Amino acid sequence: NAGVTQTPKFRILKIGQSMTLQCTQDMNHNYMYWYRQDPGMGLKLIYYSVGAGITDKGEVPNGYNVSRSTTEDFPLRLELAAPSQTSVYFCASSYSSSGANVLTFGAGSRLTVL
Amino acid sequence: GENVEQHPSTLSVQEGDSAVIKCTYSDSASNYFPWYKQELGKRPQLIIDIRSNVGEKKDQRIAVTLNKTAKHFSLHITETQPEDSAVYFCAAKGNTGGFKTIFGAGTRLFVKA
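First to last, the protein sequences are chains A and B.
Going by the working numbering, the residue at position 76 of the first sequence is 56; the numbering climbs one at a time, nothing skipped.
Going by the working numbering, the residue at position 3 of the second sequence is 596; the numbering climbs one at a time, nothing skipped.
Rather than coming from a laboratory, the hints here were simulated on the basis of the structure.
A quick note: this is a predicted structure, and the numbers were derived from the prediction, not measured.
All C-beta atoms in this analysis are idealised placements derived from N, C-alpha and C, irrespective of residue type, glycine included.
Any given hint could be a false lead.
[Said to hold, decoys possible] Reference listing, derived: stretches of chain B covered by chain A, where coverage requires no fewer than 3 residues with Cβ under 8 angstroms from a Cβ of chain A:
#1 655 to 663
#2 692 to 698
[What the hints assert, rightly or not] Each computed EDC-like pair below joins lysine to aspartate or glutamate, with the alpha-carbon atoms no more than 16 angstroms apart:
#3 661/B with 620/B
#4 24/A with 595/B
#5 615/B with 632/B
#6 24/A with 6/A
#7 664/B with 632/B
#8 664/B with 610/B
#9 24/A with 610/B
#10 635/B with 18/A
#11 37/A with 595/B
#12 651/B with 672/B
#13 705/B with 610/B
#14 630/B with 620/B
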C-alpha cells in the first residue's frame, strides 16, 4: 500500500494564480483531511470529508475549496493565490469512528506564493 | 468549536532527563487525544494516544495522562535521547460535529547530548 500520496511536492505560484493540490489514499479510509502548517507553527484544519460527496469546513477554510467525488481522492483547490497561503499542506486520512481516529499523513506539499 | 492549547512551545533537556508537555482542550465532548511526533522535514506520525475512558497509558519511555475534569492531558518522555528531538503535537478529537481532530501549536523538543 502506498498510503496517502500528495502531489506536487513543491510548487511556486504567482499572486492571483490558481492550482489544485492532489491527494489520494489506497487504504479505503472514509475520512480525509487537509491541514496547513505555517513555518514553526501547528497544523490548522482547512477542510475535511467524512465520505464521498460530503465535505465540511475546518478552522481556516477561506481561500480554498475541496471536492470528494470518490473515496480515494480529496483534491484541494486554491483560487486566486495570496502570499498568506504560503505554507506546507498535509493531506491525511483515517477510519473515523466515535472512538480512536489515527491519522495517516501524506508527505506534504510545500507551496510558495510570490 | 474545539480549541487545544499546548505548552511549552520550546523545551530543552539534557540527555537522560525527562520531558513533559502539557495540553488543555475546550470541548468537554472530546473523547480521543493523540500525540504526534514530527521530525524535521517529515510528516507527523502518531506516537501514543489515549481515550477519554482511560486516565493513563504507557508505552516504553513515553506515557500520556488525561484529566477529564480539568480538561488537561500531558505527554511524559523519560530517559530522553537525542533522537527524541522533534516537534510534538497534541490533538483532540470531538465526539460530535464530524469527529474533527484539532491540533495544538506544537512543542519543539531539543535533547542535548
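Going down the list of hints, with the structure as the test:
1. Requiring three or more residues with a Cβ within less than 8 angstroms of a Cβ of chain A, the coverage given for the region 655 to 663 of chain B is violated, as only 0 such residues are present.
2. Figure legend: the region 692 to 698 of chain B, annotated as covered by chain A; annotation consistent (7 residues with Cβ-Cβ distances under 8 angstroms, at least 3 required).
3. For the given pair, residue 661/B sits about 10 angstroms from residue 620/B by alpha-carbon distance, which is consistent with the 16 angstroms threshold.
4. Proposed proximity of residue 24/A and residue 595/B is supported: the alpha carbons are some 12 angstroms apart, at most 16 angstroms.
5. For the hint pairing residue 615/B with residue 632/B, the CA-to-CA distance comes to about 19 angstroms; that exceeds 16 angstroms, so the pair is violated.
6. Restraint check: the Cα-Cα separation between residue 24/A and residue 6/A comes to about 24 angstroms, which exceeds 16 angstroms; the hinted pair is violated.
7. Proximity of residue 664/B to residue 632/B is assessed by CA-CA distance (about 27 angstroms); at most 16 angstroms being required, the pair is judged violated.
8. With a C-alpha separation of about 26 angstroms, the suggested pairing of residue 664/B with residue 610/B is violated against the 16 angstroms cut-off.
9. Between the alpha carbons of residue 24/A and residue 610/B the distance comes to roughly 31 angstroms, so the proposed pair goes past 16 angstroms and is violated.
10. Between the alpha carbons of residue 635/B and residue 18/A the distance comes to roughly 14 angstroms, so the proposed pair stays at or under 16 angstroms and holds.
11. With a C-alpha separation of about 13 angstroms, the suggested pair residue 37/A and residue 595/B falls inside the 16 angstroms cut-off, and the hint holds.
12. Among the hinted pairs, residue 651/B with residue 672/B is consistent with the structure: their alpha-carbon atoms are about 14 angstroms apart, no more than 16 angstroms.
13. Between residue 705/B and residue 610/B the CA atoms are separated by roughly 10 angstroms; this keeps the pair inside 16 angstroms, and the hint holds.
14. Straight-line distance between C-alpha atoms of residue 630/B and residue 620/B comes to about 23 angstroms, which puts the hinted pair past the 16 angstroms bound.
Comparing the model with each numbered hint stated earlier shows that hints 1, 5, 6, 7, 8, 9, 14 do not hold.
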